[in-house]
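Listed in order, the protein sequences are those of chains A and B. Following my numbering, the numbering of the first sequence begins with 1 at its first residue and continues without gaps. Following my numbering, the numbering of the second sequence begins with 1001 at its first residue and continues without gaps.
FYI, nobody ran anything at the bench for these hints, they're computed from the structure. Do not rely on the hints blindly, as some may be mistaken.
Claimed, not checked - Straight-line alpha carbon distances no greater than 16 angstroms define the calculated EDC-like cross-link-like pairs of lysine to aspartate or glutamate that follow:
1) B:LYS1085 <-> B:GLU1009
2) B:LYS1100 <-> A:GLU424
3) B:LYS1212 <-> A:GLU223
4) A:LYS277 <-> A:GLU223
5) A:LYS26 <-> B:GLU1159
6) A:LYS347 <-> A:GLU327
7) A:LYS25 <-> B:GLU1009
8) A:LYS222 <-> B:ASP1216
9) A:LYS30 <-> A:GLU62
10) A:LYS30 <-> A:ASP371
11) B:LYS1312 <-> B:GLU1374
12) B:LYS1222 <-> A:ASP216
13) A:LYS3 <-> A:GLU159
14) A:LYS212 <-> B:GLU1223
15) A:LYS25 <-> B:ASP1405
16) B:LYS1490 <-> B:GLU1084
17) B:LYS1104 <-> A:GLU424
18) A:LYS490 <-> B:GLU1487
19) B:LYS1030 <-> B:GLU1374
20) B:LYS1191 <-> B:GLU1402
21) B:LYS1277 <-> B:GLU1374
22) B:LYS1025 <-> B:ASP1470
23) A:LYS104 <-> A:ASP81
24) A:LYS26 <-> B:ASP1470
25) B:LYS1398 <-> A:GLU159
26) B:LYS1490 <-> A:ASP81
27) B:LYS1025 <-> A:ASP405
28) A:LYS222 <-> B:GLU1402
29) A:LYS85 <-> B:ASP1279
Number of protein chains: 2
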Amino acid sequence: MFKDAIIEEINSVVNHSRQAFQQYKKYSFKQRADLMRAIANELELCGDDLIKIAMQETNLPEARLRGERARTIFQLISYADACEKGDWLDIRIDTAIADKNPPKPDIRKTSVPLGPVVVFGSSNFPFAYSTAGGDTACALAAGCSVIIKAHPAHAQTSEMVANAIHTAIEKCKMPEHIFSHVHGASFEVGKALVTHQYIKAVGFTGSFIGGKQLFDWANQRKEPISVFAEMGSVNPVFLLNEKLNQSANDIAKQYAASITLGVGQFCTNPGLIIGIKSDALNTFIHSLSDEIKKIAPAKMLHSGIANAFYQKRANALQQSNVAVVAESETNADENSGLPTIATVDAKTFINNPLLHQEVFGPYSLLIQCTDINEMLLVANHLEGQLTSTVMATENEFKENIELIDTIKNLCGRFILNGVPTGVEVCRSMMHGGPFPATTDARFTAVGADGIKRFARPIAYQNWNNEFLPDELKNENPLNIWRMINNEWTKNPV
Amino acid sequence: MFKDAIIEEINSVVNHSRQAFQQYKKYSFKQRADLMRAIANELELCGDDLIKIAMQETNLPEARLRGERARTIFQLISYADACEKGDWLDIRIDTAIADKNPPKPDIRKTSVPLGPVVVFGSSNFPFAYSTAGGDTACALAAGCSVIIKAHPAHAQTSEMVANAIHTAIEKCKMPEHIFSHVHGASFEVGKALVTHQYIKAVGFTGSFIGGKQLFDWANQRKEPISVFAEMGSVNPVFLLNEKLNQSANDIAKQYAASITLGVGQFCTNPGLIIGIKSDALNTFIHSLSDEIKKIAPAKMLHSGIANAFYQKRANALQQSNVAVVAESETNADENSGLPTIATVDAKTFINNPLLHQEVFGPYSLLIQCTDINEMLLVANHLEGQLTSTVMATENEFKENIELIDTIKNLCGRFILNGVPTGVEVCRSMMHGGPFPATTDARFTAVGADGIKRFARPIAYQNWNNEFLPDELKNENPLNIWRMINNEWTKNPV
């Protein structure tokens, strides 16, 4: 429906984006925040039309899409508030000490935006991690201009959101090209954007292969740039026996729902469950199977995602010692994902890297260990993850310190007695984890701390108060928290 | 004198370092801080012997080395204080909201150490950026084990400092292998360390070629890791005419001293001076020449550095339109660096990339522009820098907003009416800048914020208070600043 951008168009878009950045970075935090709130408002004003188009393009149900739009609006508004509050600037002020030898100058540190940022829309979050999603909101808050590479699977939704953003920009009388929208199904479009000398950072949510490719291109540039790619994760869940003894059925219900939530199309989907062979585990398996059998298959995002699901599922199931434990008892229509639980012994799992890979969809692999030592061995053989989860009693927690510590070191978010699906938008959120979960485990993709991805620190030495940016001025006109001579305060210097 | 480590030794060192890391990361912040203070104490106890050995190996004068040791001790102690104060953890706590739909869980974010870190000692700071230098101090504060690749030019100094560290570790009853010392003059030693799967981050201070090579190796790993390489910088200084009119002679004296400080062997050495052709600039040139002629050459760090200085200096001087303005009138002995000022017109500079490269030593290139627009053009053609400096009156500052903004965007530290040499150790310091000055402009190599380089955030969701790390517990037992529900406080939850 939409043609891929050609190189000349991409060059023109990037040049305009760079010019607009030069203007946009001078706007105050309040003006940036007002723009973000205006975008939120325009998304609301898109009304039912936007939901309908997104339903057609993504197969996602209406309630989910309405919820996701509300989340996207909340993100824009909460990051706008954070942008104004200025905590993301990490202000440090050290005042001069004239009688030190040599004299200590006045130094004040704040953050400045990196430059034009390319954001690749994700397939599984047509609103919250696409055109006006978390990466765009963070980049705009930081003072960067944004170029969106629309996800081809929901290009029309993306176009409509882009129009809403452009309307907001116009209403705020901001430079038109601080936001640009590029279509492209081919990898050439992505490559041309990421390797363009004026692009200074990249946000991406999607597959490992896609994210790693962008990372490599970015690092091979004459001037390497940061890529914040959120890629695959199997989000391991460790079930300890005393906990299972207490509530195997409840946990099974909780996990059947989590595994199949949104047809399993969440980056925090629990794709690995690790238990210890026992009566309690058998009860859990039995109960989980009963639940899974009852859950009807539902349409996946698009045929490409569905095909990949069935191919990866088939690859996993045909590995030796892998067996299906339960499948939905309802037949799957075309492009629907069949809820599936498979199982394998720990030794096979450890020795077969293919089984460590994500099967994106309503699928989970249950690893059966002979004892707690083998469970530790599994933990020691896992790759970096967005999340890891422990289901344990207080007693089990105290008795398995090394296991808990090992599980902790796998992930960016560490859950006790819960499910990994459901990612709160708040300051404490860490959505990012050691490679290969993301390409930069030091930054979060969810929550206002994500703004920091698109800024870098700069120190002003020996500047007159009137020439400093507002956030560094003596009188603290923005009324933000600042670390002055090693103490946090809102007081003036 | 010291043999290069062989692969088997390196594997053994890394394995031990990893085991020690598993222990070390469990120590409290206070215990880590006490270790760092003990190392500072041992450095002091090395007394004159250490200074003598360093003098022999580096040709640096006694006063400088005593000062550098004091700085190194100050770094260890101030980062130890910061480690205990916990600001580097960037704590965020959001408490649960049970009646939200869906319920919002309790989430608390802190930071955890990355793992074993390799630090490459620098040649120009045998104490402050070598064995017990800033990178080592930051990594130990973060909870990482450290492997030092000793700089071959001061291997004996490095060995003595390493012994001091080992004594401190022993006195603190810490695991022996949290610190390891490896010799190696060949690139194979560095490559084996950086590409070892158990190494999780790299600190480096040195040449662009060396740093970029480490960066590439690290990114080509199966699991890419962070490299914090502080590489070359020419630290441009922009002289505006009104300011020169007021004080050309004073500025010339200030800069003659800065250019030749430590025989020009500082990463913040002002290697480029950009002025506008005028009587004021002529006065400055005349005065700077007079000063430079009077400054005697001094021994450089070692013959390799001296040879590189003369080769790069000769390469620069033989470019067309480059002329020598002034040299020291004293002949240079073997391995001594001859203070030199060269000049070139702006057009030639813009079109000749070789002239943009650092000549490490007492050398500065003065670029003469026809007007302020050409000065802006030069600024627009410069690469990323550690620092940039503007010498201007208030009036000139107000009239040249675009020029000032362009100069700002080049660098990590932005100086008004001062010199770039002299890097304060404090929280507000930003020692790092856009590529190619460093490989990661989001982090500083000087000041306690440098601890953040060796840690990553992790969020605890739904944890019992007693199982949380101390810094996240309700009662705030460490009495540190935490952002609770979006507000900074030291109060308990």
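So, going through the hints one by one against the coordinates:
1. B:LYS1085 <-> B:GLU1009: Violated: LYS1085 of chain B and GLU1009 of chain B sit about 37 angstroms apart, past 16 angstroms.
2. B:LYS1100 <-> A:GLU424: 11 angstroms, holds
3. B:LYS1212 <-> A:GLU223: 11 angstroms, holds
4. A:LYS277 <-> A:GLU223: Not OK: LYS277 of chain A and GLU223 of chain A at ~52 angstroms, beyond 16 angstroms, violated.
5. A:LYS26 <-> B:GLU1159: 51 angstroms, violated
6. A:LYS347 <-> A:GLU327: 24 angstroms, violated
7. A:LYS25 <-> B:GLU1009: At roughly 51 angstroms apart (the allowed maximum being 16 angstroms), GLU1009 of chain B and LYS25 of chain A break the hint.
8. A:LYS222 <-> B:ASP1216: Roughly 12 angstroms between the alpha carbons, so the hint for LYS222 of chain A and ASP1216 of chain B holds.
9. A:LYS30 <-> A:GLU62: Not OK: LYS30 of chain A and GLU62 of chain A at ~34 angstroms, beyond 16 angstroms, violated.
10. A:LYS30 <-> A:ASP371: 57 angstroms, violated
11. B:LYS1312 <-> B:GLU1374: Violated, at roughly 26 angstroms.
12. B:LYS1222 <-> A:ASP216: 12 angstroms, holds
13. A:LYS3 <-> A:GLU159: 13 angstroms, holds
14. A:LYS212 <-> B:GLU1223: Cα-Cα ~11 angstroms, so holds.
15. A:LYS25 <-> B:ASP1405: 10 angstroms, holds
16. B:LYS1490 <-> B:GLU1084: 14 angstroms, holds
17. B:LYS1104 <-> A:GLU424: OK: LYS1104 of chain B and GLU424 of chain A at ~7 angstroms, within 16 angstroms.
18. A:LYS490 <-> B:GLU1487: Cα-Cα ~12 angstroms, so holds.
19. B:LYS1030 <-> B:GLU1374: Roughly 54 angstroms between the alpha carbons, so the hint for LYS1030 of chain B and GLU1374 of chain B is violated.
20. B:LYS1191 <-> B:GLU1402: 43 angstroms, violated
21. B:LYS1277 <-> B:GLU1374: 11 angstroms, holds
22. B:LYS1025 <-> B:ASP1470: 13 angstroms, holds
23. A:LYS104 <-> A:ASP81: Violated. LYS104 of chain A to ASP81 of chain A sits at ~35 angstroms, over the 16 angstroms cutoff.
24. A:LYS26 <-> B:ASP1470: 41 angstroms, violated
25. B:LYS1398 <-> A:GLU159: Roughly 42 angstroms separates the two Cα atoms, so the pair is violated.
26. B:LYS1490 <-> A:ASP81: The given pair, whose Cα atoms are some 22 angstroms apart, is violated under the 16 angstroms limit.
27. B:LYS1025 <-> A:ASP405: 10 angstroms, holds
28. A:LYS222 <-> B:GLU1402: 26 angstroms, violated
29. A:LYS85 <-> B:ASP1279: 48 angstroms, violated
Checked against the numbered hints above, the structure breaks hints 1, 4, 5, 6, 7, 9, 10, 11, 19, 20, 23, 24, 25, 26, 28 and 29 and satisfies the rest.
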